[in-house]
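> For this one, chain A is given, so just place chain B on it according to the hints.
2 protein chains.
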Amino acid sequence: MIGVFDSGLGGLTVVRELIQKLSQFKILYFGDTARTPYGTKSAETVTKYAIENTEFLLERGAKIIVVACHTVSSTAIPVLKERFKGIPFFEVVTPSFKKALRLTKKKIIGLIGTRTTVESGIYQRLFAEADPEIKLIANPAPLLVPLIEEGWLNKPETRKIVKKYLIPLKMKGIDTLILGCTHYPLIKKVIADKAGKRIKLVDPSEEVAEEVCHYLEENAELKKELERDGEPEIWVSDLTPNFEKLAALFLKRKVTLHKVSW
Amino acid sequence: MIGVFDSGLGGLTVVRELIQKLSQFKILYFGDTARTPYGTKSAETVTKYAIENTEFLLERGAKIIVVACHTVSSTAIPVLKERFKGIPFFEVVTPSFKKALRLTKKKIIGLIGTRTTVESGIYQRLFAEADPEIKLIANPAPLLVPLIEEGWLNKPETRKIVKKYLIPLKMKGIDTLILGCTHYPLIKKVIADKAGKRIKLVDPSEEVAEEVCHYLEENAELKKELERDGEPEIWVSDLTPNFEKLAALFLKRKVTLHKVSW
Numbered sequence: 361m362i363g364v365f366d367s368g369l370g371g372l373t374v375v376r377e378l379i380q381k382l383s384q385f386k387i388l389y390f391g392d393t394a395r396t397p398y399g400t401k402s403a404e405t406v407t408k409y410a411i412e413n414t415e416f417l418l419e420r421g422a423k424i425i426v427v428a429c430h431t432v433s434s435t436a437i438p439v440l441k442e443r444f445k446g447i448p449f450f451e452v453v454t455p456s457f458k459k460a461l462r463l464t465k466k467k468i469i470g471l472i473g474t475r476t477t478v479e480s481g482i483y484q485r486l487f488a489e490a491d492p493e494i495k496l497i498a499n500p501a502p503l504l505v506p507l508i509e510e511g512w513l514n515k516p517e518t519r520k521i522v523k524k525y526l527i528p529l530k531m532k533g534i535d536t537l538i539l540g541c542t543h544y545p546l547i548k549k550v551i552a553d554k555a556g557k558r559i560k561l562v563d564p565s566e567e568v569a570e571e572v573c574h575y576l577e578e579n580a581e582l583k584k585e586l587e588r589d590g591e592p593e594i595w596v597s598d599l600t601p602n603f604e605k606l607a608a609l610f611l612k613r614k615v616t617l618h619k620v621s622w
Numbered sequence: 361m362i363g364v365f366d367s368g369l370g371g372l373t374v375v376r377e378l379i380q381k382l383s384q385f386k387i388l389y390f391g392d393t394a395r396t397p398y399g400t401k402s403a404e405t406v407t408k409y410a411i412e413n414t415e416f417l418l419e420r421g422a423k424i425i426v427v428a429c430h431t432v433s434s435t436a437i438p439v440l441k442e443r444f445k446g447i448p449f450f451e452v453v454t455p456s457f458k459k460a461l462r463l464t465k466k467k468i469i470g471l472i473g474t475r476t477t478v479e480s481g482i483y484q485r486l487f488a489e490a491d492p493e494i495k496l497i498a499n500p501a502p503l504l505v506p507l508i509e510e511g512w513l514n515k516p517e518t519r520k521i522v523k524k525y526l527i528p529l530k531m532k533g534i535d536t537l538i539l540g541c542t543h544y545p546l547i548k549k550v551i552a553d554k555a556g557k558r559i560k561l562v563d564p565s566e567e568v569a570e571e572v573c574h575y576l577e578e579n580a581e582l583k584k585e586l587e588r589d590g591e592p593e594i595w596v597s598d599l600t601p602n603f604e605k606l607a608a609l610f611l612k613r614k615v616t617l618h619k620v621s622w
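The listed protein sequences correspond, in order, to chains A and B. Just so we're aligned, residue 361 is where the first sequence starts under our numbering, counting upward by one. Just so we're aligned, residue 361 is where the second sequence starts under our numbering, counting upward by one.
The shape of chain A in the complex, shown without the other chains (with noise of 0.2 Å):
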């Protein structure tokens, strides 16, 4: 089984990436529901959080694990990867990052993310040392994710509250923006309209799950022992009616959720 985990329901998005791409594998998720969300809280914390979730997917048979959530990406990977070595870990920040430097002609690249994303620095490393001639525009974006926890995708609060995030980034030219936070993906066309047809967008959902096509395509084995259809397997730690709908809007599919007890 592929395991992937979010802080919440957000990682759905890339959930619905893997499935069209790679429809023959089972999916297992996990969602921290009951401690969601991870954005506004300490890299410690976070790191903490995403050890426990990466045990839980294991004993339930995960043999790859993505981390869907930008803000363990940004702050949790090197602990995760010594803790369980031997594991393949994907995470979206890696993906996204190599992305936007193929799409960037003015090496201007913006960032939308949460606080925790954002404040790690983990962009700005990356790409001072993949060319230092790149100046990264970063922008926390803390709204964006209650707004669209709330369903409010193209509202006009919404729409105003993307614009406001935006302006600093298009004053200093950006051509390429990364959507540094896996519910991005939902307001995307608000996200374009805002950003104009000039600057191209990073979609991390997209660029992980094509690098775990990628990694299945060269290790032919593993594939093979993964290989089984299923419907995925959604697990939460908490569970509400709304936790429900928002599962349905992330993957544009009605599903059942399943409760951890604890």
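Rather than coming from a laboratory, the hints here were simulated on the basis of the structure. Since this is a predicted model, take the numbers as computed values, not measurements. Heads up, a few of these hints could be off.
One copy or two, either will do: identical chains are not told apart, so a pair holds if it fits within one copy or between any two.
To be verified - Straight line, CA to CA, 27 Å or less: simulated DSSO-like cross-link-like pairs of lysine-lysine:
hint	residue 1	residue 2
1	584	445
2	554	614
3	548	524
4	408	495
5	583	458
6	520	605
7	467	548
8	524	619
9	605	549
10	465	408
11	515	560
12	557	445
13	515	549
14	445	520
15	524	549
16	554	523
17	495	532
Frame of chain A; chain B shown alone:
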């Protein structure tokens, strides 16, 4: 010591009121910033967290517990009272209900709060028992907490969203409005402005502090035992620079936060 807890830092608005009214008492506060917010989570999960928070305060010497969180007050009080027999509990729902009952003339009362608070139905039950003629018009206002935590206390977006949440309440002719979340006192001016002069506001932080005062006046022995000067001691389950900024915003003065190690 007077123990106070909340899902995060919003409950510091209650601490501020307690300090004003009861400056001779030492206050011990716990904010569950590692699992905040509670208002989107299930009653079962909120109750579990509330038990753990109460245990923390009692272990550190609290003699009475003030639940400075509307979500916990709406869902977990019977379980807390049963589990911690003999400990006086104060919560924000009952005093807010009593105040609204005294204020209303038209018997049409409005309530805004988190989704879990509104959907708990506790205010509906209390008013129905007290006076079946009273109409309670409730509207969940889930975006106000993130807006306040972002420090957007008087931005046009906040004003617009407050207005949007109040429209259905005003259309039903409410004359009293319960601020059903300990975050809301921070945007009381915006709410008062959008509600208009004819609607009276009930501030749960003021009401619960008042109730604690009355109780201590009637319980002279406990009062004497509790009396001890000192700065409030503020504990959190997660610490980020943003939480420190928020704490200063809620308490209206600079404070030191202590992180629980776990």
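> Given identical chains, is residue 520 near residue 605, meaning Cα to Cα at most 27 Å, within a copy, between copies, both, or neither?
both (25 Å within a copy, 25 Å between copies)
> Go through the copies and call it for residue 557 and residue 445: within, between, both or neither, with a Cα cutoff of 27 Å.
neither (43 Å within a copy, 64 Å between copies)
> For the identical chains here, do residue 515 and residue 560 meet the 27 Å Cα criterion within one copy, between copies, both, or neither?
Answer is within; shortest intra-copy Cα gap is 23 Å, inter-copy 30 Å.
> How would you classify residue 515 and residue 549 at a CA-CA limit of 27 Å: within, between, both, or neither?
both (12 Å within a copy, 25 Å between copies)
> Since the copies are identical, ignore which copy is meant and state whether residue 554 and residue 523 lie within 27 Å (CA to CA) inside a copy, between copies, both or neither.
both (6 Å within a copy, 24 Å between copies)
> At most 27 Å between alpha carbons: which applies to residue 524 and residue 549, within, between, both or neither?
both (16 Å within a copy, 24 Å between copies)
> Can you give me the call for residue 467 and residue 548, within, between, both or neither, at a CA distance of at most 27 Å?
Within one copy only: 22 Å inside, 45 Å across.
> Using 27 Å as the alpha carbon limit, work out where residue 495 and residue 532 are close: within a copy, between copies, both or neither.
Only inside one copy: residue 495 and residue 532 sit 9 Å apart there, 53 Å across copies, limit 27 Å.
> Could you figure out if residue 583 and residue 458 sit no more than 27 Å apart (CA to CA) within one copy, between two copies, both or neither?
Within one copy only: 24 Å inside, 64 Å across.
> Given a CA cutoff of 27 Å, do residue 465 and residue 408 count as a within-copy pair, a between-copy pair, both, or neither?
So residue 465 and residue 408 fail the 27 Å test inside a copy (39 Å) and across (52 Å) alike.
> For residue 584 vs residue 445, is the C-alpha pair at or below 27 Å within one copy, between two copies, both, or neither?
Result: close within a single copy only, 21 Å intra versus 58 Å inter.
> Have a look at residue 554 and residue 614 and pick one of within, between, both or neither, based on CA distance no larger than 27 Å.
Neither way: residue 554 and residue 614 sit 30 Å apart in one copy and 38 Å across, limit 27 Å.
In this structure, the hints that do not hold are numbers 2, 4, 8, 10, 12, 14, in rising order.
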